Amino acid sequence: MSDALIDALNPALFWEYRLVLLRGLAFNAYVFFAAAAVALLIGLAAALLRVNRARPFRWVGTLHVEVFRNAPDYIMIVWVHFVLPLLLGKLIGQRVEFSPFVSAVIALGFVYSGYFAETFRAGIQSIPQGHLDAARACGMGETTILVRIILPQVVRRMLPEAVNQFVSLFKATTIVSLIAVPDLMYQVSMVTQQEMRPLPLYTWAALTYFVVIYLVAGSLRRLSEHWRQKIYA
Amino acid sequence: MDAVPAIRVVDLRKSFGALEVLRGVSFDVPRGSVVSMIGASGSGKSTLLRCINRLETPSAGEVYIDGEPMGGRLSDISRMRRDLGMVFQQFNLWPHMTVIGNVIEAPIRVRGMRRKEALALAEECLARVHLSEKGKEYPARLSGGQMQRVAIARALAMQPKAMLFDEPTSSLDPELTDEVLTVMRELASDGTTMIVVTHEMAFAREASDRVLFLHNGQIEEEGLPDQVFGAPRSERCRQFLSKKLQ
Numbered sequence: 002m003s004d005a006l007i008d009a010l011n012p013a014l015f016w017e018y019r020l021v022l023l024r025g026l027a028f029n030a031y032v033f034f035a036a037a038a039v040a041l042l043i044g045l046a047a048a049l050l051r052v053n054r055a056r057p058f059r060w061v062g063t064l065h066v067e068v069f070r071n072a073p074d075y076i077m078i079v080w081v082h083f084v085l086p087l088l089l090g091k092l093i094g095q096r097v098e099f100s101p102f103v104s105a106v107i108a109l110g111f112v113y114s115g116y117f118a119e120t121f122r123a124g125i126q127s128i129p130q131g132h133l134d135a136a137r138a139c140g141m142g143e144t145t146i147l148v149r150i151i152l153p154q155v156v157r158r159m160l161p162e163a164v165n166q167f168v169s170l171f172k173a174t175t176i177v178s179l180i181a182v183p184d185l186m187y188q189v190s191m192v193t194q195q196e197m198r199p200l201p202l203y204t205w206a207a208l209t210y211f212v213v214i215y216l217v218a219g220s221l222r223r224l225s226e227h228w229r230q231k232i233y234a
Numbered sequence: 275m276d277a278v279p280a281i282r283v284v285d286l287r288k289s290f291g292a293l294e295v296l297r298g299v300s301f302d303v304p305r306g307s308v309v310s311m312i313g314a315s316g317s318g319k320s321t322l323l324r325c326i327n328r329l330e331t332p333s334a335g336e337v338y339i340d341g342e343p344m345g346g347r348l349s350d351i352s353r354m355r356r357d358l359g360m361v362f363q364q365f366n367l368w369p370h371m372t373v374i375g376n377v378i379e380a381p382i383r384v385r386g387m388r389r390k391e392a393l394a395l396a397e398e399c400l401a402r403v404h405l406s407e408k409g410k411e412y413p414a415r416l417s418g419g420q421m422q423r424v425a426i427a428r429a430l431a432m433q434p435k436a437m438l439f440d441e442p443t444s445s446l447d448p449e450l451t452d453e454v455l456t457v458m459r460e461l462a463s464d465g466t467t468m469i470v471v472t473h474e475m476a477f478a479r480e481a482s483d484r485v486l487f488l489h490n491g492q493i494e495e496e497g498l499p500d501q502v503f504g505a506p507r508s509e510r511c512r513q514f515l516s517k518k519l520q
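From first to last, the protein sequence lines stand for chains Y and P.
Sequential numbering of the first sequence, starting at 2, is according to our numbering.
Sequential numbering of the second sequence, starting at 275, is according to our numbering.
A portion of the hints provided could be inaccurate.
Claimed, not checked - Here are the simulated EDC-like cross-link-like pairs (lysine to aspartate or glutamate), alpha carbons at most 20 Å apart as the crow flies:
hint: 1; chain 1: Y; residue 1: Lys231; chain 2: P; residue 2: Glu407
hint: 2; chain 1: Y; residue 1: Lys231; chain 2: P; residue 2: Glu411
hint: 3; chain 1: P; residue 1: Lys517; chain 2: P; residue 2: Glu494
hint: 4; chain 1: P; residue 1: Lys435; chain 2: Y; residue 2: Asp134
Stated by the list, open to error - Covered stretches of chain P, as calculated for chain Y (at least 3 residues, CB under 8 Å):
hint: 5; stretch: 349 to 356
hint: 6; stretch: 368 to 377
Derived by calculation from the structure, the hints in this document are not laboratory data.
As the structure is a prediction and not an experimental result, all values here were calculated from the model.
The beta-carbon is built from N, C-alpha and C at its ideal position, and this holds for glycine as well.
Could you put the whole structure together from the sequences, leaning on the hints where they help?
Here it is as structure tokens:
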């Protein structure tokens, strides 16, 4: 093996900076959880618009989905961080600034809300009309039906696809260093500037991401299967 | 004689676009009585039942539950629906809830009953459909006949003034229909007010107080079971019955 290759696979440097890098990975997790919460909430709202009986609501929901599903997350992050504050500042006549963390969460949250909206919508539309008839016939109101009959089934049905989207979202958090969110990739580039040895750092960062995502996604899938089996036996 | 019927239907009409499904149907269901509705597929039986509790909005006509007109705002409709238990051809159990969960859901969420009370009530309702031991199962693990009996228990748990059955045995294998019909006979003899849309002619003849024969969205023949089955006046009813009873 060449020396360069041996150096690229050597974990020593990565291990030496493990605490800083781990703190970076924690930032990936913060961005992920906050963005996932935003994506789920906005996605659900957009899905409810898309299945609404009134056509204007459906248009708004569709517009939301099309805009954010087709926006590259890289560009969204930059745009939200640098342009959106100017736009909002103009609107309210005051200087607006987002911290990198907030910008990253908004951008990724909205991009992924487009995907989650579609997953939610498919789930909502897959609930048989008869389940709703039965609930209405018992005198349930529409909100109770949504919360007690529709959503619990939608969550179970969409779990496999949602896990895939969570994986994508977590991977997308690796580009937030673009606007200086101090995540793992950001710390890697910081260390690189001092040590001038990027290759082992990137190799082990990649392996770290892989192991984390593989383990978390795998256990989520197992959990959701276990939970679904009772119902769809 | 009780003057106010549990359910009164007056000149009910329903069209889907150009298709007129109900063309003016009127009848009374006195308290404690069982009315069976028979007729060919497409005669409007199910639509009529769904118009009674407003799962379909009638185009014209009135429905009175205990003398009170059904309709108005959604909240009024929801309130009146509590008094009408409905059992569907496809059972429509909520698959994410256990059997007990299905039965206590509406009493808790709609009637505001305490969980403990609702559980006691559910026990009672499951006993009436002979499924006391299945409370913790999920619907996916039950047979069709068991699912339909749970659906009956779920409707009973709302302690309705009347029960509406929409072809409750039509999607069951023949060997499973009896267990459901047995439960329905028991309800009938307990004095439950019932409207039953059915293709089970033997049940309609034995268990009901009155039989309505629907044809093309109108009541073509109506009377006591022995009269409708023994000596139908209408030619169409005679033809329908001779095909059914072959």
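Tested hints:
Between Lys231/Y and Glu407/P the CA atoms are separated by roughly 18 Å; this keeps the pair inside 20 Å, and the hint holds. For the suggested pair Lys231/Y and Glu411/P, the alpha carbons sit about 9 Å apart, so the restraint of at most 20 Å is met. As the CA atoms of Lys517/P and Glu494/P are separated by approximately 17 Å, the hinted pair is consistent with the 20 Å bound. This hinted pair checks out: Lys435/P and Asp134/Y have alpha carbons roughly 19 Å apart, not beyond 20 Å.
With 6 residues bearing a CB less than 8 Å from a CB of chain Y, the stretch 349 to 356 of chain P meets the requirement of three and the coverage assertion stands. With a threshold of 8 Å between beta carbons, the proposed coverage of the stretch 368 to 377 of chain P by chain Y holds, since 3 of its residues qualify and at least three are required.
The structure meets every hint from the earlier list without exception.
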